[in-house]
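Below, each chain spelled out in residue letters.
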Amino acid sequence: MMQPLLSVRNLTLTYPNGYQALKGISFDVMPGEFLVIIGLSGSGKSTLLRCLNRLLEPTSGSVTFSNHDITHIQGEALREHRARIGMIFQHFNLIPRHSVLKNVLYGALGTTPTMNAMLSRFSDDATQRAHKALQVVGIPEKADIRADSLSGGQQQRVAIARALMQEPQLLLADEPVASLDPSTSNSVMSYLERINKEMNTTVICNLHFLSLVRQYATRVIALKGGEMVFEGTPQEITDEWFRTIYGDDAVEVEIR
Amino acid sequence: MKRLLAIVIDLLLGAAVGALLASVIVPALLDAGETSDVTTGLYASALGAAVFALAGIFAKASIGGVSLGIDAPEGRSIRIVSHLGWLTLAVFIVGGWIITAISPIEFFSGDGLAGAGRIFQALVTPEFDIIGEALSAMVVTIFTAFMATVIAVPISFVLSFPAARNVMSDTPLTKSIYVVLRIVLNIMRSMEPIIWAIVFSVWVGIGPFAGMLALVVHTVASLTKQYSEQIEDVNSGPIEAISATGASRIQVLWFAIVPQCVIPFLSFTIYRWDINVRMATIIGFVGGGGIGTLLTQYQGLAKYNEVGTLVILITAVVWILDVMSARVREALR
Ligand SMILES: Nc1ncnc2c1ncn2[C@@H]1O[C@H](COP(=O)(O)OP(=O)(O)OP(=O)(O)O)[C@@H](O)[C@H]1O
Ligand SMILES: [Mg+2]
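Chains as they are written, first to last, in this note's numbering: chain A, 1 to 256; chain B, 1001 to 1333.
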């Protein structure tokens, strides 16, 4: 029997202001899965993702990654954990004014000594891998351009390259296409799919559009008010489930 | 907390109105000269404070409350607040007129006008013989300001991170460092550079070094505040993204925060140098060296033609720096 890459048990998170964003979430993720998390705005999707790479520290429950309990690790162990997991964001979060290549190299910060990085001394190996990562996302010619001069779709591809730089076992994507137009969305999603299939990187992705969910997800979980209300395959999201997850007034919109 | 502040404002305003009425305005009206005694003043200010505070508490007509935006009186209360407000303003203006000894008679007296005329004439017929001396003093002033800025920038840069709320918000220890640092900086900043100049001119002797030290202290306090506010303003997205790669704390500061701040930091710094040149001039009056010191010397000797030269030079330099720094800051944006 295969070991899960990630196991989440009874996870809760209460923000310092007392708001409980996660109320006891449990699920497993197998290596190679493309897991999509859906749910209304405010249901806790971003909060959940940030507990997995420990940008946030859970209040109770546990997160186990490759058989290591990472729920409350600190310091060096936390750095190493984060370095094993790539993350991309809705607003790309590149460093403005810095070149595309530098932005990709920042994916190696977790494994570069602090002083070397601050003096821009990245190893030749890292630089080569950065160029390769840009090739994977199809923009090798943009290496020396300022990151903020690229289009949204291109910026998201740089962000993917930055994540690839970490050679991650797991890739987290927090609404990676929410600020992109439909055709760019599909192109970005197909890069995630290729990374999932060809490099066998496990992907966990928050999405809003069900058409994208049906196209890319191997499995889906749905959150509502900080609780998990659905777990299954994309095909199992019937109209009835749809109304449970998004409320009675919701209508499904298409994105192609 | 705000309520407390409102009551303090009411008490202070009331006390001031009472004191002004009893010790300044009434004696002036009675032409009683210097006879107003301290006790009457004290009683009057206590009375005034009591009236204002009681109006605030019982009639819900608190000037402090309204000015802090926590009270919205209506009906009779609003009339009381506005009467008290106008009364305060009137008493302050009349009292202020008497205290500052405003005297149109002296302003327009023949002797006075003649004296002013002499000075103005001297100022517009500057004595250019001292231009060499003046220029070299100006150079001292400019470089006093420049060195103060250069020395203050790295100190402010390092201090601005622990002085930024978003950098220090994770543990109680870091939070308390932040609070203490902020308080110290605020105290340092509220002491005018001219006071620091007096302190340092006793410490290291009169001259440009004392002036520079005074400016360093003030510049560190001001720049740290500006820098740290900029840091508090950065977009948190890149911070998350860089943290997510497993970067160390220092790396997050350097790669996610600093790139978002360099341009504004440069702009603040240039502006600060510009301000420092003006301050270095003023500081010269109290022994900070440079053109300010030269100016007090000639003014003390009543050599107004020479003073004129210096004033023209200072005005020109300040104006040129102002325009240049504005241009550079514009271009940076
Ligand atoms: N730092 C915070 N402090 C307090 N409450 C927060 C904080 N961040 C998020 N929340 C609250 O937690 C809840 C879940 O937020 P989260 O960002 O995880 O939702 P989401 O499902 O990602 O929504 P969206 O689709 O809008 O991104 C929301 O109600 C939000 O207001
Ligand atoms: Mg979100």
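If you're looking for bench data, these hints aren't it; they were derived computationally from the structure.
Ideal placement from N, C-alpha and C gives every residue a C-beta, glycine not left out.
Any given hint could turn out to be false.
[As the list claims (entries may be wrong)] If you want a taste of the chain A side facing chain B, the calculated C-beta under 10 Å gives, among others: (1) LEU35; (2) PHE92; (3) ILE95; (4) GLY107; (5) ALA163.
[Said to hold, decoys possible] Here are some chain B residues the structure puts well away from chain A; computed CB gaps all over 12 Å: (6) VAL1051; (7) ALA1072; (8) TRP1097; (9) GLY1110; (10) VAL1252; (11) LEU1253; (12) VAL1262.
- Numbered hints the structure breaks, given as an ascending list: 1, 10, 11, 12
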